Amino acid sequence: MGADRTRLRFWHLYGGGDGVNMQTMLDAYRAAHPEIALQASTLQWGAPYYTKLGMAGAGGRAPEVAALHLARLPGFGPGRLLDPFDLDLLAEHGLDRKDFPAGLWRRGRIDGAQYAVPLDTHPMVLYYNTDICGKAGLLEADGKLKPVRGTEEFTAALRAAGKVTGRPALAVETLGAGTVGPWRLFSTLYSQTGGTLLDERATRITIDDGKALTALRFMRRLTEEGLAHRRLDYNGTVGVFGGGETAFLLGGEWEVSTFANLGLPFSMTRVPNLFGHPTAQADSHCFVLPHQRDRGGESDEAAHAFVAWMLKNTVEWAKGGHVPAYLPTLEKPGYLELEPQSEYRSVIEDVVLDPPAWFAGSASSMWIELGAVLSGVLTGSRTPQGALDEARARLQALLDTPDPLGGDA
Amino acid sequence: MTATAPTTPVPPGRAASRTGAGPLSAGRRWTEHGLVFTAPFLLLYALFLVWPVLLGLKMSLGDDNIAGTDSEFTGLDNYAEALRDPEVWSSLWNTVWFTLLSTVPLVVTGLVLALLAHHLRVVRWLWRLSWFAPFLLPSGVVGLLWLWMIYPSDFGLADLLLNSLGLDPGIGWLTDTRYAMLSIVLTTVWWTVGFNFLLYLAALQATPRHLYEAAELDGAGAWRRLVHITLPMLGRTTAVVVVLQLLASLKIFDQVYIMTGGGPDESTRPILQYVYEAGFTGYRIGYASAVSYVFFALIVIVSLIHLRITRRFREETAK
Numbered sequence: 001m002g003a004d005r006t007r008l009r010f011w012h013l014y015g016g017g018d019g020v021n022m023q024t025m026l027d028a029y030r031a032a033h034p035e036i037a038l039q040a041s042t043l044q045w046g047a048p049y050y051t052k053l054g055m056a057g058a059g060g061r062a063p064e065v066a067a068l069h070l071a072r073l074p075g076f077g078p079g080r081l082l083d084p085f086d087l088d089l090l091a092e093h094g095l096d097r098k099d100f101p102a103g104l105w106r107r108g109r110i111d112g113a114q115y116a117v118p119l120d121t122h123p124m125v126l127y128y129n130t131d132i133c134g135k136a137g138l139l140e141a142d143g144k145l146k147p148v149r150g151t152e153e154f155t156a157a158l159r160a161a162g163k164v165t166g167r168p169a170l171a172v173e174t175l176g177a178g179t180v181g182p183w184r185l186f187s188t189l190y191s192q193t194g195g196t197l198l199d200e201r202a203t204r205i206t207i208d209d210g211k212a213l214t215a216l217r218f219m220r221r222l223t224e225e226g227l228a229h230r231r232l233d234y235n236g237t238v239g240v241f242g243g244g245e246t247a248f249l250l251g252g253e254w255e256v257s258t259f260a261n262l263g264l265p266f267s268m269t270r271v272p273n274l275f276g277h278p279t280a281q282a283d284s285h286c287f288v289l290p291h292q293r294d295r296g297g298e299s300d301e302a303a304h305a306f307v308a309w310m311l312k313n314t315v316e317w318a319k320g321g322h323v324p325a326y327l328p329t330l331e332k333p334g335y336l337e338l339e340p341q342s343e344y345r346s347v348i349e350d351v352v353l354d355p356p357a358w359f360a361g362s363a364s365s366m367w368i369e370l371g372a373v374l375s376g377v378l379t380g381s382r383t384p385q386g387a388l389d390e391a392r393a394r395l396q397a398l399l400d401t402p403d404p405l406g407g408d409a
Numbered sequence: 410m411t412a413t414a415p416t417t418p419v420p421p422g423r424a425a426s427r428t429g430a431g432p433l434s435a436g437r438r439w440t441e442h443g444l445v446f447t448a449p450f451l452l453l454y455a456l457f458l459v460w461p462v463l464l465g466l467k468m469s470l471g472d473d474n475i476a477g478t479d480s481e482f483t484g485l486d487n488y489a490e491a492l493r494d495p496e497v498w499s500s501l502w503n504t505v506w507f508t509l510l511s512t513v514p515l516v517v518t519g520l521v522l523a524l525l526a527h528h529l530r531v532v533r534w535l536w537r538l539s540w541f542a543p544f545l546l547p548s549g550v551v552g553l554l555w556l557w558m559i560y561p562s563d564f565g566l567a568d569l570l571l572n573s574l575g576l577d578p579g580i581g582w583l584t585d586t587r588y589a590m591l592s593i594v595l596t597t598v599w600w601t602v603g604f605n606f607l608l609y610l611a612a613l614q615a616t617p618r619h620l621y622e623a624a625e626l627d628g629a630g631a632w633r634r635l636v637h638i639t640l641p642m643l644g645r646t647t648a649v650v651v652v653l654q655l656l657a658s659l660k661i662f663d664q665v666y667i668m669t670g671g672g673p674d675e676s677t678r679p680i681l682q683y684v685y686e687a688g689f690t691g692y693r694i695g696y697a698s699a700v701s702y703v704f705f706a707l708i709v710i711v712s713l714i715h716l717r718i719t720r721r722f723r724e725e726t727a728k
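Those sequence lines, one after another, are chains A and B. Residue 296 in the working numbering sits at position 296 of the first sequence, and the numbers go up by one each step. Residue 497 in the working numbering sits at position 88 of the second sequence, and the numbers go up by one each step.
These aren't lab readings, by the way, just hints derived from the structure by calculation. Be aware that one or more of the hints could be misleading.
Here are the simulated SDA-like pairs of lysine to any residue, each with C-alpha atoms no more than 25 Å apart in a straight line [said to hold, decoys possible]:
hint, chain 1, residue 1, chain 2, residue 2
1, B, K660, B, S712
2, A, K52, B, S712
3, A, K52, B, L463
4, A, K52, B, D479
5, B, K467, A, T401
6, A, K52, B, G471
7, A, K163, B, N572
8, A, K52, B, L576
9, A, K163, B, T478
10, A, K52, B, G477
11, B, K467, A, M55
12, A, K52, B, T478
13, B, K467, A, T51
14, B, K660, A, P48
15, A, K319, A, T42
16, A, K52, B, L466
17, A, K52, B, Y685
18, A, K52, B, K467
19, B, K467, A, D403
20, B, K467, A, A56
21, A, K135, A, A31
22, B, K660, A, T51
23, B, K660, A, G178
24, A, K52, B, F457
25, A, K52, B, L464
26, A, K52, B, N572
27, A, K98, B, S712
28, A, K52, B, F662
29, B, K467, B, H442
Here the structure is a predicted model, which means the values were calculated and not measured.
Work out the full structure, taking the sequences as your base and the hints as a guide.
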């Protein structure tokens, strides 16, 4: 033992409930692989994590394997800060591209090399309080939310639920320090109109003003008409929905454990299709291989095997709310029994990730900047048109800035 | 980046004793000994201040990224971009606006508290302690404490109190562009007024008693003693306090970062936060360095004014 064990270092950013689930998975991995000395490090989520990972890759002394948000891949120096996966090696350990949704797999591919293997996708979803919705007559006989389609049906449902509680029926993050909720909401609604932000190569703005204004005006309407709480930061949304005071919450699925632990009567479903397309904003956690000057050999093979093992054991991961990207998991009985986590699994075909730009993805410059701008639409400090103009200007400024980690390309 | 915490208090008058060539500078040996004694400080000073400043200057002239790879010399491009960047100007204005808003109450409140503590005869230690104690708290504690008092989502203690008085809260302490900066100012005054209080209190206690006795003999009342003796005698302290306060307020970062993250709608984002975002979220270390040099220019101007003022006082005391 000891000296002849292969060292495998894994950096990730999973805290909270995700952190607990990840720990369980890592413990199981360790138990199954006594020959591997796994050193897992949990780093602080967001910009601090990416700063550290980037610098480690730049020095070529990075960990063997790490976590990344898929939408951040284009800005993360693939080929320079990240090494590509060896697909044959992955296949040897039983992973095939056919086991993943085509869209997510393709997002991990840059210049013909596979830099990221998706672990999950984490979309915006609709949480609903089954007590309140029951009283408002919004549930089917089986206790699930009646299908809602289009803005009129959705606002009618919100009004009905609001009558039961005597307060706004919808909680959505509208503001706060470093707020990104408004961006998530806009991205979801705008994608449902069929609009796009940038072209496929992320070099040019393709915003359709009419569609964007449709989404922005609806956002404005939600708070203006008292359908949604006007002033809630992220913790506030969790607070009011978790407190059982609000019928609906539009937010990320990762709070499922929080509400389950509270004993709240709730369930979850996909974001209703309001504007014609059933899409929802999402990002995706994935595995990457940070750049190592001397990548190869046993530790590299261990990294590939580790990724394959983790993906095949993602039922545990799904408990945290994320939809596993490894499709065979979605058919496992263990996953299907997870309630309400398996309720919205079909969204995996309809997730909308940020355009592949260096400044996009979770905790990116674009999220921080547009989150602040769009927050004003929900709180009422900006008009939809004013926010659109500002968002366009900010996007153009980001497009005009060369990728700082992009090298000469 | 502590916002208002100059590490060494500068008592009024100390600057004067350093001026001119005293007897100490006559012998060369003393200089040599002095170097030995100051070497530990100079070393750290060079390592953690001079070197980063020079390195920052070099980075500001290139397109350095956070990973430190492939940087190229780009001359003054970053500066040209910074001067054209509306976000530089808006965040710089936020910093200046905060400085203007905070300096007056911090100086005036500090003076009033010092006068109170100086004249109150009962439990003097309690006043001194309670007015100075907040200054000893780290910025993170202060930020979170106030955040929970004026929470953005109507959960805060302040809203709760207003509610119990039958008033509709709904004041966007930190979320309404009209109030957010004022809330930050309020927090900052509570936190750092103790430092100005202390400087004023020291100056009050150093005011010669015989002036008051003479004035009383001449029949001057409390108000006239305040206006004609106390305030003029505090003039020099006020000049020091104001300049130290300006410099401290210009460094605003912590409270804003914790309490509003620069929001709502970037209305409280100070220039230092923009530098942080450009460098650590946007990875553009070169550009971030250039923006901080633009800010540095502003600080230098304020410092030069400070130097002029202290020099004038020195000349006055020399006469």
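Against the structure, the hints:
no., hint, in the structure
1, B/K660 to B/S712, "holds, 13 Å"
2, A/K52 to B/S712, "violated, 36 Å"
3, A/K52 to B/L463, "holds, 24 Å"
4, A/K52 to B/D479, "holds, 18 Å"
5, B/K467 to A/T401, "holds, 20 Å"
6, A/K52 to B/G471, "holds, 22 Å"
7, A/K163 to B/N572, "holds, 22 Å"
8, A/K52 to B/L576, "violated, 48 Å"
9, A/K163 to B/T478, "violated, 59 Å"
10, A/K52 to B/G477, "holds, 12 Å"
11, B/K467 to A/M55, "holds, 20 Å"
12, A/K52 to B/T478, "holds, 14 Å"
13, B/K467 to A/T51, "holds, 21 Å"
14, B/K660 to A/P48, "holds, 22 Å"
15, A/K319 to A/T42, "holds, 19 Å"
16, A/K52 to B/L466, "holds, 23 Å"
17, A/K52 to B/Y685, "holds, 15 Å"
18, A/K52 to B/K467, "holds, 23 Å"
19, B/K467 to A/D403, "holds, 20 Å"
20, B/K467 to A/A56, "holds, 23 Å"
21, A/K135 to A/A31, "violated, 48 Å"
22, B/K660 to A/T51, "holds, 24 Å"
23, B/K660 to A/G178, "holds, 20 Å"
24, A/K52 to B/F457, "holds, 21 Å"
25, A/K52 to B/L464, "holds, 20 Å"
26, A/K52 to B/N572, "violated, 45 Å"
27, A/K98 to B/S712, "violated, 65 Å"
28, A/K52 to B/F662, "holds, 22 Å"
29, B/K467 to B/H442, "violated, 34 Å"
Of the numbered hints listed earlier, those contradicted by the structure are 2, 8, 9, 21, 26, 27, 29.
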